[in-house]
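Protein sequences appear in the order of chains H and W.
The first sequence begins at 1 in my numbering and counts up by one.
The second sequence begins at 1001 in my numbering and counts up by one.
These aren't lab readings, by the way, just hints derived from the structure by calculation.
Since we're looking at a predicted model, the values are computed, not measured.
Among the hints, a few may not be true.
Claimed, not checked - Reference excerpt, derived from the structure (chain H facing chain W, CB under 8 Å, subset only):
#1 LEU65
#2 GLN83
#3 ALA86
#4 GLN144
#5 ARG147
#6 ILE149
#7 GLU152
#8 GLY153
#9 TRP154
#10 SER155
#11 PRO227
#12 GLY256
#13 TYR257
#14 GLY262
Heads up, the beta-carbon is just placed ideally off N, CA and C, and yes, glycines get one too.
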Amino acid sequence: MNQNDRIRPGTGLSRPDRQALAKDAGRLLRGPARRLFLRRGLTLGGLAMLTGCSVTDSETAESLLMAVSRFNDRVQAWLFDPQRLAPTYPESMITRPFPFNAYYGIERVPLVDTAGFRLKVGGRVRQPGSWTLEQLASLPQQQQVTRHICVEGWSAIGQWGGVAFAHFLNRVGADLTSKYVGFKCADDYYESIDMPTALHPQTLLTLTFGGQTLPRQYGFPMKLRMPTKLGYKNPKHIVEIFVTNDYPGGYWEDQGYNWFGGS
Amino acid sequence: MTTASTSSARQLASAPVVQPVWVRVTHWLNALGAILMVLSGWRIYNASPIFGFRFPDSITLGGWLAGALQWHFAAMWLLAINGIVYLLLNAVTGRARRRFLPLSPRQFVADLGAALHGHLSHDDPARYNAVQKAAYVGAAALLVLMVVSGLVLWKSVQFPLLRTLLGGYESARVVHFLAMSALVAFFVIHVVMVVRVPRTLRTMLVGR
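Extracted from the complex, chain W is given alone in its bound form (with noise of 0.2 Å):
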């Protein structure tokens, strides 16, 4: 190893931990389950499609109803039990006050303007901008509607309040496509925003 690169190495080994392992891990598995649960849900979708089109059969995971209905009904218990590890922990580290609040709608429009003007800075990926946080905390909103949508879906008789809460079977129907659909939206945008400061990748892969 020359000087130069050694040097440059101690300086990434003493970078401060952006995201810790445990952060790092349940993104990981729950970007694998989410998308296991869409691209199955999809053909679900398709079995009986409730707005005028059908996904093509070709980007839906499962390969018909009953091999969709197994991935979606295995990959939940990976979504919702590393759902509750993460929120579990953020909530016992501290760490979901630190990084997400506070949640300031007008800083929020300050931070999306200068975004869009290119302005926004990202010298330091610990510290999230108040999109950012908006966008996350977001995420994991529309993620646990996707789950309580999907139980009045699955057990419309067992979970009554839940049932009478979404405004019955048929609505719930609704409600699990149009918070998947906002969760589809928030990915792509989620992925281009990682392209453009590939540096974020970085840091949830490695830490720091």
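For reference, chain H alone in the conformation it holds in the complex (with noise of 0.2 Å):
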């Protein structure tokens, strides 16, 4: 996401906004006709208030936004059918040049080292402990190609390819009836999502890009590919996975964005 969706505004009305509030506010004392104020309540200065900082920052209705955002997620996890597909796509159609995206500029894309990385197992599983990209490859391969949806609104169709974490989770015998599995990835991105996601058939741990080893910008050394769920869920650069009934959060959410983030 870009910087204009990284940066919370600053905070209170700006000088003109409290002007025009003033002014309306003096309009509807003064008179004593109620047509005056009819007339005068729709004015700019009324409206105004809607878009000023002072609402959105003020605590009450950033917590109530909160809890809605949380409700929300309960509706989302209703509303999710672990057996409906997203739709796949020939390979005609995918997307060139696939987009890079991240929090930061290209120039600052982790660089993980083949040989030596080891990804981390832990949490909630009967077989924790650490597993190399050439063990991954072994497993069991599947691929893909979904539309990757941007919480921004754009879309762009890829191509994947890597192991069924359904598979993998009951592999290193996870315990199914958790509530959450967690990232943690090269570049301080962390991410978690529910359970039932998880094991959807089209989530898939990815390896691959376009029939390519997972490309330094895509992500490598994995990629956890969801078409269920918004791209900001999709974390790249993983480095450890883990079971938990404990809520990790994730590096946007953190911020205000939807845990569920379900398409």
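Each chain sits in its own coordinate frame; assemble them with the hints.
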């Protein structure tokens, strides 16, 4: 996402907004006739209050909005059909070039050493430990050509290949009754997803993109691809996976974005 | 109170109800909901404009993308629940049939012509002319389209039928934007008309 979406705005109404509001308030108090109230009620000064930061920055508004977002998590969990597949597309529809997207510029994409890399697996699993990329590649692989939808609104069709995440979770003896699967990434990104989505047939722990080893800018060494969730929910450069019942949060969620983030 | 104002107060009190309280309440809740959705929606659009322009951030709601999304997905409940209540009550009370039917294209053309020449009468605010009927039915239809296209944007995987009906995810973005534009155009004309016939604002506030 771009810088504008990353930075929270400052607090308080701007000076012109405050002046406009004060003028409107003065007009309302002065006139005895109701007609004056009716005509002046819908002024730009009044509307400015809606767009001004004071409403969105008030603690009551913020906590209410966050509460609704958590309610929406429950609604989305109810709407999520574990059998319903996201649409797939022919290779001819793959977006070329596939867009690069991160909360930093492409020059800061982490460089992960292939040979020395170990995926750390822990939490509520019977076989915690570490995996090399070779070991992961030796598990049954699947391909998908699906639409990546960004929370900003744009979308792009890409081709990913990797291990069915449900298969992987079973291999490490994960407690599938747990609520969350958490991820830690090489670029200080972190994410977490609900267990039903983790087990969805199209959720892939991907090692390849476009049939080639996952390029550095698209998430090497691995990216969790979920066509049932928005882009920011699909972590890249994963270095650690853990199963837990303690809410792990997420890089963007901890700043106000919705946690379930489901398509 | 003087004699004159007492008798005029009595006149107003006995005037027939033009807008029952449930119409007024749902109307203003809808106005609030729609405004919140449009202003926060503009900020969401700005994050990835599909046409070659952005709305000035100062007229949008939410401060940044996360804030705009929070407002959008909160106000949607107000808009949807209030909308369903409005539609249900209209059907159950028979008001929909009385106020909006019949819809005659010929009458629409005639009334539009009369309006443009300043000859359209507003003696009885309880009777909608053909242009009003078309506009209000159209606005309601646009709001339904906003919700349907919004559902495709929000959950294109979980609503495959709606997604197909609207031509896919990217197509739904265009439908969502165009329906919003038509709705905003309605809003502007609606407010201008109310200003020209202020009696209608009173009936929507007080009922008569």
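A quick look at each hint next to the structure:
{"no.": "1", "hint": "LEU65", "in the structure": "4 Å, holds"}
{"no.": "2", "hint": "GLN83", "in the structure": "11 Å, violated"}
{"no.": "3", "hint": "ALA86", "in the structure": "5 Å, holds"}
{"no.": "4", "hint": "GLN144", "in the structure": "13 Å, violated"}
{"no.": "5", "hint": "ARG147", "in the structure": "6 Å, holds"}
{"no.": "6", "hint": "ILE149", "in the structure": "7 Å, holds"}
{"no.": "7", "hint": "GLU152", "in the structure": "4 Å, holds"}
{"no.": "8", "hint": "GLY153", "in the structure": "4 Å, holds"}
{"no.": "9", "hint": "TRP154", "in the structure": "4 Å, holds"}
{"no.": "10", "hint": "SER155", "in the structure": "6 Å, holds"}
{"no.": "11", "hint": "PRO227", "in the structure": "7 Å, holds"}
{"no.": "12", "hint": "GLY256", "in the structure": "4 Å, holds"}
{"no.": "13", "hint": "TYR257", "in the structure": "5 Å, holds"}
{"no.": "14", "hint": "GLY262", "in the structure": "7 Å, holds"}
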